[in-house]
Amino acid sequence: MELLKKFGKPTAIILIGLGILLMLYAWYVSPKAFSAEVWTNSSDAPVEIQVTDLIAANCLLKAGIPLYPGDSILYSGVEISPDFKLPAKQGQALTYQSGYPITLDSGGTQRVFYSSAPTLGAALWEQDIRLTASDVTSLPLDTPVIAPLAVTISKAVPLTIQIGGQTLAVSSSGATVGEALAEAGLALENLDTTVPADDQPIPADGIIKVVRVNEETILEESAVAYSEVRVADESMEIGQEEVTQAGENGVQVTSVRVRYEDGQEVSRKTEQEWVSQQPVNQITTYGSKVVVRTSADSECIVDYYLAKEVYVTSYHDTGQTTASGIWPYYGVIAVSPEWYSILKGSSICVPGYGVGTVLDVCPGCSGKNWLDVFLPTDSYVSWSKNLTAYFMTPMPSGFTGDLP
500 MELLKKFGKP
510 TAIILIGLGI
520 LLMLYAWYVS
530 PKAFSAEVWT
540 NSSDAPVEIQ
550 VTDLIAANCL
560 LKAGIPLYPG
570 DSILYSGVEI
580 SPDFKLPAKQ
590 GQALTYQSGY
600 PITLDSGGTQ
610 RVFYSSAPTL
620 GAALWEQDIR
630 LTASDVTSLP
640 LDTPVIAPLA
650 VTISKAVPLT
660 IQIGGQTLAV
670 SSSGATVGEA
680 LAEAGLALEN
690 LDTTVPADDQ
700 PIPADGIIKV
710 VRVNEETILE
720 ESAVAYSEVR
730 VADESMEIGQ
740 EEVTQAGENG
750 VQVTSVRVRY
760 EDGQEVSRKT
770 EQEWVSQQPV
780 NQITTYGSKV
790 VVRTSADSEC
800 IVDYYLAKEV
810 YVTSYHDTGQ
820 TTASGIWPYY
830 GVIAVSPEWY
840 SILKGSSICV
850 PGYGVGTVLD
860 VCPGCSGKNW
870 LDVFLPTDSY
880 VSWSKNLTAY
890 FMTPMPSGFT
900 GDLP
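Residue 697 in this note's numbering is what sits at position 198 of the sequence shown, and the numbering runs on without skipping anything.
In short, the hints are calculated from the structure, not lab data.
Please read these numbers as outputs of a predicted model, since none were measured by experiment.
Take these hints with a grain of salt, some might be off.
Unchecked claim - The calculated DSSO-like cross-link candidates involving lysine-lysine, where the alpha carbons are at most 27 Å apart (straight line), are:
| hint | residue 1 | residue 2 |
| --- | --- | --- |
| 1 | K768 | K788 |
| 2 | K531 | K588 |
| 3 | K708 | K654 |
| 4 | K843 | K884 |
| 5 | K843 | K788 |
| 6 | K807 | K788 |
| 7 | K843 | K807 |
| 8 | K867 | K884 |
| 9 | K584 | K561 |
Assemble the whole structure, with the sequences as input and the hints as a guide.
The structure is reproduced here in structure tokens:
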């Protein structure tokens, strides 16, 4: 009424209209409050808030949740940036995912980063850490990130494996040679060896050699020589003998372990030996009956008790005395040490040489019917002939008729 009196009716109506317009404008431009829900990955119920600032990070602050590195915000299931502005409408919903520290050890280098990714694999992907099929992690990649994690990554390295004449190029994250071979499907078998050894670290040059090893046991047979047993027979004349039991070799079996490396034999080791068949001794009966005869050889007409086929050689002055201690002279005969012990001082008639006396030793004559006759140096002639020699009476004492 005051306006009507003061300005008149038309003016009062205009002023009232302006006032209403101003009120409507003030209502329109003033901040409006919107309801919203904030969910967290650690609670089962949302935090109800009323906000006038629709910036996502500020909405979280309104709910008492400050943002830290590695935290994330989801809106309608999609991750948004902290400065994202929500649409101006009621009933908005945000999901807050807190980041957890992940301690990563790779190749001996350690680092820590924060992530709110749902799994360890996703967290590594966020950090641009790309893994190959040969890389190994100490935790499964689908491990949920709901607490601090510590993970070790063993990155695969290129390797060259030499095996069976082939060269294979592989990648492995194994810490030792054996682990690398197992990853490559080349696990060692039985006696196989490697260079370096399977329990050693991966070599710096990445080269591993696998040596395929196998062993087998073989049986080898060899002869066991029989022995000769000589038996005197008084009914047989000296110089006669016969085999009354034939000798037979025995059989010795040797167990041998043979080792092969990459198919090539490298060693043999005798493990056991035994005689599977005993040898059978040969029994030779020789005569011990003394019968004295006179030789019909024109070069050796002598009485003898033994006529024997012998091999005869000659020797000359050596500058040394004989085994009997005298200087050699024409007529000295040397025989094997075995014969010398029996015949020393006895006489033998050698056709073409004459009668000689056993007074010297010929070490090289052992095992043979061998006479070595002495010839002076000034008339020396080399002898090498087979003939019949006559062992003259009297027979040496203790001689049984057998010359070994």
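Structure-based check of each hint:
no.	hint	result
1	K768 to K788	violated, 54 Å
2	K531 to K588	holds, 10 Å
3	K708 to K654	holds, 22 Å
4	K843 to K884	holds, 23 Å
5	K843 to K788	holds, 21 Å
6	K807 to K788	holds, 15 Å
7	K843 to K807	holds, 17 Å
8	K867 to K884	holds, 13 Å
9	K584 to K561	holds, 14 Å
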